[in-house]
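Order-wise, the sequence lines are chains G and Z. Count the first sequence with the numbering used here and you get residues 2 to 112, in order. Count the second sequence with the numbering used here and you get residues 3 to 120, in order.
Source of the hints: derived by calculation from the structure; they are not laboratory data. Incorrect hints may appear among the rest.
Simulated pairs of lysine-lysine, DSSO-like, Cα-Cα distance not exceeding 30 angstroms [unchecked claim]:
| id | chain 1 | residue 1 | chain 2 | residue 2 |
| --- | --- | --- | --- | --- |
| 1 | G | K52 | G | K111 |
| 2 | G | K107 | Z | K59 |
| 3 | G | K37 | Z | K19 |
| 4 | G | K107 | G | K52 |
| 5 | Z | K13 | G | K71 |
| 6 | G | K71 | G | K37 |
| 7 | G | K37 | G | K111 |
| 8 | G | K107 | Z | K19 |
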Amino acid sequence: GQQVMQIPQYQHVQEGEDFTTYCNSSTTLSNIQWYKQRPGGHPVFLIQLVKSGEVKKQKRLTFQFGEAKKNSSLHITATQTTDVGTYFCAGLMDSNYQLIWGAGTKLIIKP
Amino acid sequence: GAGVSQSPSNKVTEKGKDVELRCDPISGHTALYWYRQSLGQGLEFLIYFQGNSAPDKSGLPSDRFSAERTGGSVSTLTIQRTQQEDSAVYLCASSSGPGLAGGKETQYFGPGTRLLVL
Numbered sequence: 002g003q004q005v006m007q008i009p010q011y012q013h014v015q016e017g018e019d020f021t022t023y024c025n026s027s028t029t030l031s032n033i034q035w036y037k038q039r040p041g042g043h044p045v046f047l048i049q050l051v052k053s054g055e056v057k058k059q060k061r062l063t064f065q066f067g068e069a070k071k072n073s074s075l076h077i078t079a080t081q082t083t084d085v086g087t088y089f090c091a092g093l094m095d096s097n098y099q100l101i102w103g104a105g106t107k108l109i110i111k112p
Numbered sequence: 003g004a005g006v007s008q009s010p011s012n013k014v015t016e017k018g019k020d021v022e023l024r025c026d027p028i029s030g031h032t033a034l035y036w037y038r039q040s041l042g043q044g045l046e047f048l049i050y051f052q053g054n055s056a057p058d059k060s061g062l063p064s065d066r067f068s069a070e071r072t073g074g075s076v077s078t079l080t081i082q083r084t085q086q087e088d089s090a091v092y093l094c095a096s097s098s099g100p101g102l103a104g105g106k107e108t109q110y111f112g113p114g115t116r117l118l119v120l
């Protein structure tokens, strides 16, 4: 079936280091969305990418959508404690407008 | 309403009992999703309602799980004969539904129902 693979499952960083999570779809996506879930909270929408090769920035966060619209990445520069949480990608399939979710990457700041 | 609401926020039940979880989506949203999230895990898709179309039930883990959406608004997820492995947070999300790729598929999540089966 349709899948969106997301890696890594966890990433431990020192505060101030960068963080990256990657998503790869088995099929071409209509668009891809990114969500953040804080510990104990529910997923909250961050951004949507629609166009092939699109790059969007939100302060220290950079989101990319691949040329083939099958992969995407989220890069956080100089992580802060407020960035802690799990980042999910979710790809929209053209066929039934259903979002297929990645498994999430948990960002952990080392003490 | 202002956002997606779910009730109850917490539910403790005994193994073998039935439970009903409720979701009130954002007014006007035609798409509604149910997910399950076990502790520290990702989102497990359960079921998807879109307007008057037949729901996509492909994610329901067993025939003990069922869901309804009445009048295209409120949805109820029912788990019959609960098992301990059903313990999880059940999340509901709604979106304004398919259309142009202009953000209409953005999902808005409720706070979830934490289910504990003893």
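With the threshold set at 30 angstroms, check whether the alpha-carbon distance from Z:K13 to G:K71 stays at or below it. 39 angstroms, violated
CA of G:K107 to CA of G:K52, is that 30 angstroms or under? With Cα atoms ~26 angstroms apart, G:K107 and G:K52 stay inside 30 angstroms; holds.
Is the hinted pair G:K107 and Z:K59 satisfied, with a Cα-Cα distance of at most 30 angstroms? 28 angstroms, holds
Does Z:K19 sit within 30 angstroms of G:K37, going by the straight-line distance between their CA atoms? With a Cα-Cα distance of about 34 angstroms, the restraint between G:K37 and Z:K19 is violated, given a limit of 30 angstroms.
Within a Cα-Cα threshold of 30 angstroms, do G:K107 and Z:K19 meet the stated pairing? 34 angstroms, violated
Need the status of pair G:K37, G:K111: alpha-carbon distance at most 30 angstroms? Roughly 19 angstroms between the alpha carbons, so the hint for G:K37 and G:K111 holds.
Hint check: G:K52 vs G:K111, CA-CA at most 30 angstroms. Holds or violated? Not OK: G:K52 and G:K111 at ~35 angstroms, beyond 30 angstroms, violated.
Please verify whether G:K71 and G:K37 have alpha carbons no more than 30 angstroms apart. 20 angstroms, holds
When the structure is compared with the earlier hints, violations turn up for hints 1, 3, 5 and 8 and for no others.
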